[in-house]
Each structure stands twice: as structure tokens, then as C-alpha cells.
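Modelling step: build the complete structure from the supplied sequences, incorporating the hints.
Protein chains in written order, with my numbering: chain A, 943 to 1283; chain B, 943 to 1283.
Simulated from the structure, these hints should not be mistaken for lab results.
Where hints are given, some of them may not hold.
The list treats identical chains as interchangeable, and a pair is accepted whether it falls inside one copy or across any two copies.
[Unchecked claim] Here are the simulated lysine-lysine pairs, PhoX-like style, with alpha carbons at most 25 Å apart: (1) 1239 with 983; (2) 1005 with 1122; (3) 1154 with 950; (4) 1179 with 1154; (5) 1186 with 965; (6) 1186 with 1211; (7) 1239 with 965; (8) 1207 with 1196; (9) 1247 with 950; (10) 1247 with 1122; (11) 1012 with 1026; (12) 1207 with 1186; (13) 1069 with 1179; (14) 988 with 1247; (15) 1026 with 1154; (16) 1012 with 1122; (17) 1196 with 1256; (18) 1196 with 1239; (19) 1266 with 1105; (20) 1256 with 950.
There are 2 protein chains.
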Amino acid sequence: MGGDHAPKSIIEGANIISASNSKTHFLLYGDENLILPLLAKCPALKNNFTLHHTDQSISAEEKPSIALRKGTKSSMRLAINAVKNQEADAVVSAGNTGALMAISKIVLRSLPDIDRPAIVTFVPNQKPGATVMLDMGANVDCNSDVLFQFAIMGHAFAKVVLKIENPSIGILNVGSEDLKGSDAVRAASALLKDSVLSDSFHGYVEGDDITKGTVDVVVTDGFCGNITLKAIEGMAKMVSGAIKQGFSNSFLAKIGYCLASFSLKSVLKRLNPKNYNGAMLVGLNGIVVKSHGSADKESFANAIKVAISLVEDKINDTIIEEIKATTNGCNGDYSENDENI
Amino acid sequence: MGGDHAPKSIIEGANIISASNSKTHFLLYGDENLILPLLAKCPALKNNFTLHHTDQSISAEEKPSIALRKGTKSSMRLAINAVKNQEADAVVSAGNTGALMAISKIVLRSLPDIDRPAIVTFVPNQKPGATVMLDMGANVDCNSDVLFQFAIMGHAFAKVVLKIENPSIGILNVGSEDLKGSDAVRAASALLKDSVLSDSFHGYVEGDDITKGTVDVVVTDGFCGNITLKAIEGMAKMVSGAIKQGFSNSFLAKIGYCLASFSLKSVLKRLNPKNYNGAMLVGLNGIVVKSHGSADKESFANAIKVAISLVEDKINDTIIEEIKATTNGCNGDYSENDENI
Chain A
943 MGGDHAPKSI IEGANIISAS NSKTHFLLYG DENLILPLLA KCPALKNNFT
993 LHHTDQSISA EEKPSIALRK GTKSSMRLAI NAVKNQEADA VVSAGNTGAL
1043 MAISKIVLRS LPDIDRPAIV TFVPNQKPGA TVMLDMGANV DCNSDVLFQF
1093 AIMGHAFAKV VLKIENPSIG ILNVGSEDLK GSDAVRAASA LLKDSVLSDS
1143 FHGYVEGDDI TKGTVDVVVT DGFCGNITLK AIEGMAKMVS GAIKQGFSNS
1193 FLAKIGYCLA SFSLKSVLKR LNPKNYNGAM LVGLNGIVVK SHGSADKESF
1243 ANAIKVAISL VEDKINDTII EEIKATTNGC NGDYSENDEN I
Chain B
943 MGGDHAPKSI IEGANIISAS NSKTHFLLYG DENLILPLLA KCPALKNNFT
993 LHHTDQSISA EEKPSIALRK GTKSSMRLAI NAVKNQEADA VVSAGNTGAL
1043 MAISKIVLRS LPDIDRPAIV TFVPNQKPGA TVMLDMGANV DCNSDVLFQF
1093 AIMGHAFAKV VLKIENPSIG ILNVGSEDLK GSDAVRAASA LLKDSVLSDS
1143 FHGYVEGDDI TKGTVDVVVT DGFCGNITLK AIEGMAKMVS GAIKQGFSNS
1193 FLAKIGYCLA SFSLKSVLKR LNPKNYNGAM LVGLNGIVVK SHGSADKESF
1243 ANAIKVAISL VEDKINDTII EEIKATTNGC NGDYSENDEN I
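Put into C-alpha cells, the structure is as follows:
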């Protein structure tokens, strides 16, 4: 029930996936009065879903603390419960990010030795490829331990999702020299240099290195990560708007567009954030994928694809292994009852 | 002598300005062995310059503390001294930003009631227009008082440079709700709401608001500002590279480009960072303009234009007035001997 086009984009997105993948079964949580008419128009989903009705949902404006207390029968809470109860392998939501993180932390709890789950996503780069980036906004203030844990999780995520054997890691900073940056950034750099990930650690990277693809994984706090990602998206939107305007300015330009459009579209498609929709709430004892709130059906389908690949590739097993390796196995014991949330 | 193409871009940039503006006299500081041959090819500069030879210069890698101690006869130091000694109205440099700020702070000192000078620049927005943004990297950690002072300086800068009567101010944050963000950001917001600038204060803005042009002035700390600006520039570069590639992919696309290029170029020109070159080191007792290190002659000429307009429009008088107004005149006395650096 979350996002700007819910439940339409969500149901239609699931339908897109079902059309080519009959193995995936969807547990749908939401208002059946709105969902059933949509399902009638989604033939591929037939036999591939179970609908759980609830008339409660969490709005985009709801504070996480309120969502946590009052939203116990909300569509979001029930969907996360399904992961906790092992009825579902993953949850995908286009709803309130703060609420999704807060409820996931309480219901699923953090992985052992992870202080703060983070939001990890991809940004297209010019290599061409994608840069893994975290945290995208779950944690405003991050100390060096937290940044170090982000590096471990980002490394595991890039390994699994981008299929890179030994992804390179960079810490986002205002310069590449050792003395640059905040205390937290410098201390996190020292931790990485002193860890089993030292060979993967490139050092500091700057803002333009994100799209350059200088490293596979860019680590930053949630304040800077959230602002930077949105700034990049804003710039992409402005440039594509300007290009459209340029093509419509004159008759000759319009003809030019007709001739070049096929080629241009294929290149620009790669840079479209839509094709990168699906951020993971990483560091949780379960797979939680966040779609953009503005996602349309194709975009939401992409978020579902990300969730499926994270399940198939057992992302959390890789993260747990990497944490064990970096902590030399001392604190790596995995317990269902771990209270580290 | 600073920047990737020094002293060539610097001398040729000054020549571009001289061609249309004979009122501006250039004091050139640097190695005459390199500069004299360049001057021979710059006829417009003839009679419009005084060359001060020095064979010392500060490299891009030099630490600010070292530059400060050892660079007393460097081209950068001598140029800043000229502003201090009122031989020059402004200094423009494409050199080491950290050194420029450190030397400027020591030589020129801060304006009264300004704790930390900042770097302020423009980002093109889709309104279309330009968004004033600060700090772009001079201050990694900023408390609420410092962010509040940035807001005052950014407001004055937008007034003078963008000729907006009452520019709107936004604080960069991860969301628009009151509770979002770090302690410093929330406290700065409270200070602004409680000041004479309260009517100009829009509230929090997010990363994509920079290019949307939601507010005229975006305030943030130097860590986030530097990273965000470079990320935006990186994205712009990637998109324009992708467009070029799209146009060269096929014969039809190439013809399309020929037909659309005039219109496209005029639109994209507005988004070219070159046309926005020239950041001000604001909050100093003198006008210091920083050009991109990679600036070519047109780009450096633009930085000179920015410096000229800041001198003509008496930017520092406006800043001093605004500070006096916000501090109710209690601390606004201006003293040549102020030790507030």
C-alpha cells in the first residue's frame, strides 16, 4: 500500500515478474477492495499470489516511532512479519522508508556484529556499470565502527549483486589525502587499512568518483549519502529535461531527434534511475528491499528482481561470512536470539 | 601559477576580459620566464597589466599549513598581499583551494562576527537560473552558529550576484520534516527561524532541490557541500558523454546530431559548469575568487568576471550590513584590527 502509485504499480509490477517467472509466489498485504479489481487485470499473477487483506497502512508522512507503535496491523508490518515467520523470503515495499527501517529493525533485528542496518543502492557509472553506495539515509550520524561495518556490507553486496570477485571500496571524502575529512572518516579508513579488507580498500574517493566508477563500493554516512544520491538524480532529471527541450526548439532539431532517437534512447536507458530501482535495507536478519516511492510498474518490477536475486544469491550468508572474517571469527557467532538491534 | 593549465589559461583568460573591458588592470604574480612569452600573444592585455615576478608557487598537493609557512614569496601569497595592501580589489586563483583559504584567512582575516569563511558557488538549476550554495569544502565540521553565518553570507551573495531582492534560504537535509537531520542542522534551522531572516527561510531542502531551484541559497557544511557539488558535476559529465556516444552510434544518429546540434548546444550551454566557474571565499576581509583548477581560458575569464562584479557590487558591504542586522547591531562594529580569524 506504500508509494505514490499504490497499490497499482505494486500489483502490476508483480504481474510483470510473474509473466516470465512462475516460480515466485507473491504474498500481497493490503486493502482487497483496491487490490482485487487490479488483480482482475493481471492474468500472469493468477495462481501466483495469496492476498492478505488489511485496511491499515502506513502513510508517507507517518513518523517511524508512531508507525512502530500503531501500525501493528498495517500492510507493511504484516509483510515484514511474513519474513520473520519464514513465510516469505523477502519483503519489497515502496512505502515510508523510515517506517520500513524502524519496523524491520524491531521485527527482524540486526545481523550479529552490525550496529546499524543501512540502505544500499546502485548508481549508474560511466565504466559502464554500477557503483554500490551506502548508507542512503538510514543513519544520519555514523561513527567509524558503523562506517567500517557499512564497508563490509557493501563489499558483500557488490560481490553478490554485481558478481565481482573482490570489489574495491572507497570512503567518500572531500579529498584523497590522508588528512582530509572528519574524525569518523579518518578512523574508518584506519580500521579498513588494518582489516582483512585492506587489499580491497582503495582509500578516499570524491563526489565525482561515484559516476566515474573509480571504486565498486562507496561508503558514506546516511546524511551525505541521501543528499548526494538525490542531488545526482536531480541533475540527471534536469539534463534530460534540457535535452528534450533542445530537441523541440526547432523543426530541424525535431527531425534530428527522429533520426538519432533509437541510438540515444539505448544509451540513455542505461542512465535511467528506473532501471536501478531497488535499494536493500542491509544488515538485517532478513531481506528487505525498498523501491522508490515514485516507482511505476516497470520500476517496481525491477525492485522485485533485486529482491529475488538477493534471495537466490543468499546475500546475508555472504555478509555474515565477511563479518566473521573481519572480526577473526571472535564475534561472528550467529544467534537467532541476538539482541543487537 | 595555480591550476592545471597555468599560467596559460590565466593569462589568456585575463586577455579575454581585457578585450572588452579596458578599465580592469591586472596584477600578475608568477614566473616571468613562463608569463612573458604568453603575454606576447595577448595583445588586449597590453597596457592593462603589471607583472610581478616570483619563481615560487604553491603546488596543488601542498598542505595548507606548509603553504602558509613556506610560501611567503609564492605567487598566491603575493597576490593575496596585494588585496590586503589595497593594491588590488580582488584576487583570482585557480590554485590549491586549501592553501588559498588558509593564506587568505591569515592575511586578510575574517569579517567581524564570522567564525569561519566559506566557499560559495552557483549550481545551474532548471528554473532556469542558478542556485547559490555554500560551504563547498572549506569547513568539514560545522556547528549551528557556523551554518547560520553561512546562511547570512549566502543570502547577501545571492542578493548581490543574482540581483534577487530577498533570496530564499534552505538548509540541506535528508527530509523536510522538523525532526530530520543532525543536531547542528536542526539548531541552525531554529536560529534562522528566530532571526531577521526568518521570512527568507524556506526550511529544509533535499539533494534534488539544488537543481530544482526550490530556494535561491542552499546552506550545508563543507563536507556534504563539496561531495554533493562534485557528484552533480560527475553526473553532468557522464550524461553529456553518453549523449555524445548516442549520437555517434550510427550514421542516422550522426545526421540527427547535425540537424539538432545548434538547438541542443544552446540549451546544454546553460548547464555547462564552465559558465559557472568562479567560487568566492566569502566571509573574508577582501574579495578572493577561486577558479576550478581545470579551468580553460574562457572558464578562467568567467571567474575574473565574477570577481569584477563582486567588487563593483560591494559584496562585503552587503554581508557586513546583513550580519549587523541579524545581530541587532550589538556586535556589528567593523574594525580593521579585528582578530576574529
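Taking the numbered hints from earlier one at a time, note which ones the structure violates and give those numbers from smallest to largest. Of the numbered hints given earlier, those the structure breaks are 3, 5, 10, 15, 17, 18, 20, listed in rising order.
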